[in-house]
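**Q** Each chain, written out:
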Amino acid sequence: MTRYRIAAVVVLLISIALGWFVWSTRNPASPYAFKLGLDLAGGTELVYQADMSQTAPAERADALAALRGIIERRVNLFGVAEPLVQTEQSSAVAANQEYRLIVDLPGVTDVKAAVDALGKTPVLDFRLATTTRVASPTGSTTEQVVFLPTGLTGRYLSKASVQFGSSQSNALGQPMVLLTFNAEGAKLFEQITSQNVGQTLAIFLDGQPISTPTIKEAIPGGTATISGNFTVAQAKDLVQNLNFGALPVPITLQSSSAVGPTLGAAAIQDGLRAGVIGFILVVLFMLLWYRLPGLIASIALSGYLALVLSVIKIIPITLTSSGIAGLILSVGMAVDANVLIFERIKEELRAGKGAREATHIGFSRAWPAIRDGHVTMLISSIVLFWMGTSIVQGFALTFALGVIASLISAVSASRVLLLAILPEGNKGLWRFLTSSGLSGRMPLADTGKK
Amino acid sequence: MFIVNHRKFFFTITGLVLAVAIGAITFYRLPLGIDFTGGSLVEVSYASARPDLSTLNARLAPLSLGEVSLRNAGANDIALRSRALTPAEHTAVLDALSPEGAQATELSFTSVGPSVGSELARKALVALGVVIITIMLYIAWAFRKVSRPVSSWVYGSIVVAILFHDVIVPTGFYAIWAHFTGAQVDTLFLVALLTILGYSVNDTIVIFDRVREHLARDQKVSTHEEFSALVGRSISETMGRSINTSLTVILVLVALAFFGSPVTFSFALVLIAGVIAGTYSSILLAAPLLVPVSRYFTEKRK
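Chains A and B, in that order, are what the protein sequence lines are.
Position one of the first sequence corresponds to residue -3 (this note's numbering), numbered consecutively onward.
Position one of the second sequence corresponds to residue 82 (this note's numbering), numbered consecutively onward.
No wet-lab data here; the hints were simulated from the structure.
Worth double-checking, as some hints may not be accurate.
Listed below are several chain B residues computed to face chain A (Cβ distance under 8 Å; list not exhaustive) [stated by the list, open to error]:
| no. | residue |
| --- | --- |
| 1 | 169 |
| 2 | 179 |
| 3 | 182 |
| 4 | 184 |
| 5 | 186 |
| 6 | 205 |
| 7 | 216 |
| 8 | 217 |
| 9 | 282 |
| 10 | 290 |
Taking lysine to aspartate or glutamate pairs in the DMTMM-like style, the calculated list, with each CA pair at most 25 Å apart, reads [as the list claims (entries may be wrong)]:
| no. | chain 1 | residue 1 | chain 2 | residue 2 |
| --- | --- | --- | --- | --- |
| 11 | A | 108 | B | 299 |
| 12 | A | 108 | B | 176 |
| 13 | A | 155 | A | 58 |
| 14 | A | 183 | A | 55 |
| 15 | A | 108 | B | 158 |
| 16 | A | 31 | A | 94 |
| 17 | A | 232 | A | 68 |
| 18 | A | 232 | A | 100 |
| 19 | A | 349 | B | 299 |
| 20 | A | 155 | A | 112 |
| 21 | A | 349 | B | 318 |
| 22 | A | 349 | B | 176 |
| 23 | A | 31 | A | 100 |
| 24 | A | 108 | B | 181 |
| 25 | A | 31 | A | 84 |
| 26 | A | 108 | B | 148 |
Between beta-carbon pairs, the in silico distance windows are [what the hints assert, rightly or not]:
| no. | chain 1 | residue 1 | chain 2 | residue 2 | range |
| --- | --- | --- | --- | --- | --- |
| 27 | A | 12 | B | 93 | 52 to 62 Å |
| 28 | B | 307 | A | 408 | 33 to 43 Å |
| 29 | A | 6 | B | 108 | 29 to 39 Å |
| 30 | A | 310 | B | 87 | 51 to 61 Å |
| 31 | B | 143 | A | 248 | 22 to 32 Å |
Everything numeric in this text was worked out from a predicted model, so none of it was measured.
By construction, the Cβ of each residue, glycine as well, lies at the ideal position given by its N, Cα and C atoms.
Isolated chain A, as found in the complex (with noise of 0.2 Å):
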């Protein structure tokens, strides 16, 4: 009995001390505030897809990757509070393998602005021309000058700049960009440059060819100059850009979304009412039908919630919509194991067996049951996370984090609590409040009857 009220005690403590930290960081300037999605904070999501049909299938994951860090950089310059870019590839069991990068920024509204001041980076790649013979429909062969690409793109950039021609044949005054590469970029453009002499490397930004300058010797140290007919705006709008990042492979937008701040702030309000009004009808409901017990379970509620909450806030998980309607739906289920170890219990009584036997029994007879669903609930939630799209996943989280602590109050909160109060026999005042449904005698009742 003293170990249970120990227990009890600091169970309760804990389920205090987690409280008071969720309310404490209620403010939206703590560092534990609650991380929302771009569908209760405003915002807009971009989705790019990128086209990898040009880059060699062990070179995808690295090509993204950078991909990632330079529209990261581009998005940063946009001046967007706490964005994020990710990628992702479409799952294995999509028709096409695609590859994917998404963009959250949060408080922006204006589509298109966003669209714009991303969709300025370029694509810059060197290809070599090469001849090949092409069967033409009349069955005679004709020469084509196809390109090829040389794995050298602008990833491996480090910096432009605009310089202006100083020799008669560089054409005396003319901008031209310096392209400096970074010491991977260099060797892999000396490599090229030492093996092609004589043959033509084509520059290509934005998939067109813009300077076909021919390889008249390696070419060391990682620097090479594009001098396309830029004019002095053009050359400087270039470097600028290409400073920004030049993007290793091209992208195209896919979809995009956005909401604003009014539509966002409702939904919180929407879904706070939602949530304290599911909670209160679940508390009275387990009052009005348990009575003592139902007492404790609300109590144990109370602490899952905090810890639920908690969890949510330190980890962090980004609330959405339809996160908050997981957990809210995880609050109605987190009572149904203290449903079944109550029902147990009272079976037990009405075997005559004493209230502190009843529990001890109930809580190890209905563990079976309760873990089977658990389990079922968390398969589902894993299946869903891995369903991917960021509206799926919110709910998987809150929804598998729900259930997990939903097992973890009923069969240790609830227990302790319930052993710490109860008394060895089951009479009087005792059988009442142990005692559920619309009769205070049903257990003497139907002692008989078993």
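Using the hints, position chain B against chain A.
**A** Frame of chain A, contents of chain B only:
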């Protein structure tokens, strides 16, 4: 015992409900939203009275966006559905939705490319299949110790049959609902279905667990109670808790539907239908089904 004795009657009723649901899905069909088909959804709000839809349609016509559907929503909102819009078209649409004297404020804008949509649909089907198979395997494993008179695979298979029922009934309900309200199937609908899969099996497990417990005790003391009587006893012992556990979930779902965000309204509605279907199917269908199935197996063994 009542339910086991009159199981044919209850089987007929659930069969009828199932037939109505399948009929609704076949004839009304599920209207797929842009999450699956690709396309755009623009929601705008007006400070004063919203303009006539015909005015707006006329203003939208020159943009040649293909088929555009305009709908009044809420008190002063308008929702526009069309094919996927480019950012430039989106700006033009917002402009067209703001005739003189009625400035539209954009509440939300969603544009989904067609390939994303088809991938989601494919993923959803795979996810449903994976959940059903995993749950069946888990139940077969969890009930491995009770293989008499029916093998643990039978429990798993009945659970799966019940799962199909529990998914088809709310889907049929939603098909009817969508037919009359113009609601569409979105990602949250799928989330609701998958949640039902995970949750509704709960009640079935509670009853099967009780059957499992009685069987184990019978084996120990070697009383040989008639299997159908044992199942009947298990049902009446667990009925109260099955109803009560569902009731708490329905209470919060009702709160979510009527006080929660409009975004999650149909989500809550589908879940309510699913939880109700899951509860009656476990009481009236799952456990009673054990009886004819066990009879079939014992006769085969002879």
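**Q** Next, verify each hint and record whether it holds.
**A** Against the structure, the hints:
{"no.": "1", "hint": "169", "result": "7 Å, holds"}
{"no.": "2", "hint": "179", "result": "14 Å, violated"}
{"no.": "3", "hint": "182", "result": "21 Å, violated"}
{"no.": "4", "hint": "184", "result": "13 Å, violated"}
{"no.": "5", "hint": "186", "result": "7 Å, holds"}
{"no.": "6", "hint": "205", "result": "7 Å, holds"}
{"no.": "7", "hint": "216", "result": "5 Å, holds"}
{"no.": "8", "hint": "217", "result": "10 Å, violated"}
{"no.": "9", "hint": "282", "result": "5 Å, holds"}
{"no.": "10", "hint": "290", "result": "4 Å, holds"}
{"no.": "11", "hint": "108/A to 299/B", "result": "71 Å, violated"}
{"no.": "12", "hint": "108/A to 176/B", "result": "13 Å, holds"}
{"no.": "13", "hint": "155/A to 58/A", "result": "20 Å, holds"}
{"no.": "14", "hint": "183/A to 55/A", "result": "17 Å, holds"}
{"no.": "15", "hint": "108/A to 158/B", "result": "22 Å, holds"}
{"no.": "16", "hint": "31/A to 94/A", "result": "29 Å, violated"}
{"no.": "17", "hint": "232/A to 68/A", "result": "22 Å, holds"}
{"no.": "18", "hint": "232/A to 100/A", "result": "29 Å, violated"}
{"no.": "19", "hint": "349/A to 299/B", "result": "21 Å, holds"}
{"no.": "20", "hint": "155/A to 112/A", "result": "23 Å, holds"}
{"no.": "21", "hint": "349/A to 318/B", "result": "18 Å, holds"}
{"no.": "22", "hint": "349/A to 176/B", "result": "75 Å, violated"}
{"no.": "23", "hint": "31/A to 100/A", "result": "13 Å, holds"}
{"no.": "24", "hint": "108/A to 181/B", "result": "23 Å, holds"}
{"no.": "25", "hint": "31/A to 84/A", "result": "21 Å, holds"}
{"no.": "26", "hint": "108/A to 148/B", "result": "22 Å, holds"}
{"no.": "27", "hint": "12/A to 93/B: 52 to 62 Å", "result": "54 Å, holds"}
{"no.": "28", "hint": "307/B to 408/A: 33 to 43 Å", "result": "40 Å, holds"}
{"no.": "29", "hint": "6/A to 108/B: 29 to 39 Å", "result": "59 Å, violated"}
{"no.": "30", "hint": "310/A to 87/B: 51 to 61 Å", "result": "53 Å, holds"}
{"no.": "31", "hint": "143/B to 248/A: 22 to 32 Å", "result": "26 Å, holds"}
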